[in-house]
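S.K.: Let's have the full structure, built from the sequences with the hints guiding it.
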Amino acid sequence: MQAHGRAVYSACCRILRDDASAEDMLQQTMTAAFNHRSKLLGVDSIRGWLIQIANRKCLDALRAAKRAGALHREIADRDAPETSVLDRLASTEERRALEECLSALPPDIAAAVRMRYHDGIPWAQIAKAVGIPLDTIRMRVQRGAVDSLLDCLTAKGVAP
Amino acid sequence: MTTSDDKWAMIERLDAGEPARSPEETQARAPYERLFERIRDLDEIAPPVGWEDRVVARWAAARRKRRLRIAVGATATVALAAVLLQLCSVPDTRLDVAVLAPPGSTRRGDASVGDLLRVQARGDQAHLELRVYLGAGLVARCPGNPACRRDASLLELDWKLADAGAYQIIMLLSSSDIPAGGGAIDRDLLDARSAGTSIEIHHLTVAP
Chain A
1 MQAHGRAVYS ACCRILRDDA SAEDMLQQTM TAAFNHRSKL LGVDSIRGWL
51 IQIANRKCLD ALRAAKRAGA LHREIADRDA PETSVLDRLA STEERRALEE
101 CLSALPPDIA AAVRMRYHDG IPWAQIAKAV GIPLDTIRMR VQRGAVDSLL
151 DCLTAKGVAP
Chain B
1 MTTSDDKWAM IERLDAGEPA RSPEETQARA PYERLFERIR DLDEIAPPVG
51 WEDRVVARWA AARRKRRLRI AVGATATVAL AAVLLQLCSV PDTRLDVAVL
101 APPGSTRRGD ASVGDLLRVQ ARGDQAHLEL RVYLGAGLVA RCPGNPACRR
151 DASLLELDWK LADAGAYQII MLLSSSDIPA GGGAIDRDLL DARSAGTSIE
201 IHHLTVAP
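So the sequence lines, in the order shown, correspond to chains A and B.
For reference, each letter of the first sequence is one residue, going 1 to 160 in this note's numbering.
For reference, each letter of the second sequence is one residue, going 1 to 208 in this note's numbering.
Read the hints as simulated data drawn from the structure, not as lab findings.
As the structure is a computational prediction, the values presented were derived from the model and not from experiment.
Fair warning: there could be bad hints in the mix.
Unchecked claim - Chain B side only, calculated, beta carbon under 7 Å to chain A, not exhaustive:
no.: 1; residue: 35
no.: 2; residue: 36
no.: 3; residue: 38
no.: 4; residue: 40
no.: 5; residue: 43
no.: 6; residue: 44
no.: 7; residue: 45
no.: 8; residue: 47
no.: 9; residue: 54
no.: 10; residue: 58
no.: 11; residue: 59
What the hints assert, rightly or not - Quick list of the computed label-pair ranges, beta carbon to beta carbon:
no.: 12; chain 1: B; residue 1: 63; chain 2: A; residue 2: 128; range: 23 to 31 Å
no.: 13; chain 1: A; residue 1: 36; chain 2: B; residue 2: 50; range: 22 to 30 Å
no.: 14; chain 1: B; residue 1: 26; chain 2: A; residue 2: 143; range: 14 to 22 Å
no.: 15; chain 1: A; residue 1: 135; chain 2: B; residue 2: 50; range: 37 to 45 Å
Glycine included, each C-beta is placed from N, C-alpha and C at the ideal position.
M.R.: Below you can see the structure in the form of structure tokens.
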């Protein structure tokens, strides 16, 4: 649990942009993992499994918050990202530019990009986590999001 | 890379970890490889101190809650079963009246003089009594009559119907003493009701 806390918390921070909500989701993820620990024997990577659970929970929370509207505006409002969270997530200007470009993507697509290229999670598990069919999510990332990120980084002065 | 299809195929191969197929592809891959490398190198931040303890506490609280829910559910199920059992159980209180004609007699109406009245009363309370009234007057009571038999919570009375008229066979049941009665039926029933006795009445007309 301790070994993967950082990865799970960071994933939640990137989706929710709120420390308290991210820790709440971290706790929920670890509690869920604890309750379903028998499944651990069948997973290839505990880290990947936890990140998959965390992403699903955080995206669900974000969708629920958006539905709830004003009640959860602090995490639902993606147009006004929590700068302190971004500051802590990005240690360099280049990383901050990448975080901002990822933030500009739809949350489920950005989550899929991070799960695939940051965490190395297989597409099938990503599809489950974001709740989008396998071929659809792969196409949206490979044929859309990847080029959008390159364009965004170039616009921010980061050499591709 | 000349077309979008070629580019997407190249990205798919790169994603799948396949090597580049040509120097041109190597060159075309470069920005994507750098992008994926940048994403791979994204920072991770530590959760607030003490998060592990909070996870354990939350898990323990959820487990307690789950156990409490199970206990409450089990208790509710047992209570419901007990209530249903109580509701469905047939109350052990009953008054049965039968009229037995002597062999060879001709039946006229409900009953006739000379028939045998057989009454059975079953009650689940401490005090149980049977009374037979003809008109307003008491003609038999059980216990208190030689023809009365008692077997645990069952009282049985065989009474020869010697007179014609309107009979009322009454079962009295109470957890406390039943007023002795012995007067007119109205007075007796009034006293019995006042003492909290439950009363069941069977009417029988006996023809001459």
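S.K.: So, for every hint listed, does it hold in this structure?
M.R.: Hint check results:
Of the supplied interface hints, the one on residue 35 of chain B holds, with its beta-carbon coming within about 6 Å of a beta-carbon of chain A, less than 7 Å. The beta carbon of residue 36 of chain B is positioned within 7 Å of a beta carbon in chain A (closest approach about 5 Å), and the interface hint is therefore held. A hinted interface residue such as residue 38 of chain B counts as satisfied when its beta carbon comes closer than 7 Å to some beta carbon of chain A; here the least separation is about 5 Å, so the hint holds. Interface hint at residue 40 of chain B: satisfied, since its Cβ lies 6 Å from the closest Cβ of chain A, which is below the 7 Å cut-off.
The interface hint given for residue 43 of chain B holds, since its Cβ lies 5 Å from the closest Cβ of chain A, which is under the 7 Å cut-off. Because the closest C-beta pair between residue 44 of chain B and chain A is about 4 Å apart, less than 7 Å, the hint holds. Satisfaction of the interface hint for residue 45 of chain B is found here, the shortest Cβ-Cβ separation to chain A being roughly 5 Å, below the 7 Å cut-off. This hint holds: residue 47 of chain B has a C-beta 4 Å from the nearest C-beta of chain A, less than the 7 Å allowed.
With 7 Å as the threshold, the beta carbon of residue 54 of chain B comes within range of chain A, its nearest partner Cβ sitting at about 6 Å, so the hint holds. The interface hint given for residue 58 of chain B is met, as the beta carbon of that residue sits about 5 Å from the closest beta carbon of chain A, less than 7 Å. With a least beta-carbon distance of about 5 Å to chain A, the hint placing residue 59 of chain B at the interface is held under the 7 Å criterion. In this structure the supplied range 23 to 31 Å holds for residue 63 of chain B paired with residue 128 of chain A, their Cβ-Cβ distance being about 27 Å.
A beta carbon spacing of about 24 Å between residue 36 of chain A and residue 50 of chain B agrees with the range 22 to 30 Å that was offered as a hint. The hinted window of 14 to 22 Å between residue 26 of chain B and residue 143 of chain A holds, with their beta carbons roughly 21 Å apart. For residue 135 of chain A paired with residue 50 of chain B, a C-beta distance near 43 Å keeps the hint of 37 to 45 Å intact.
In this structure, none of the earlier numbered hints is contradicted; all agree with it.
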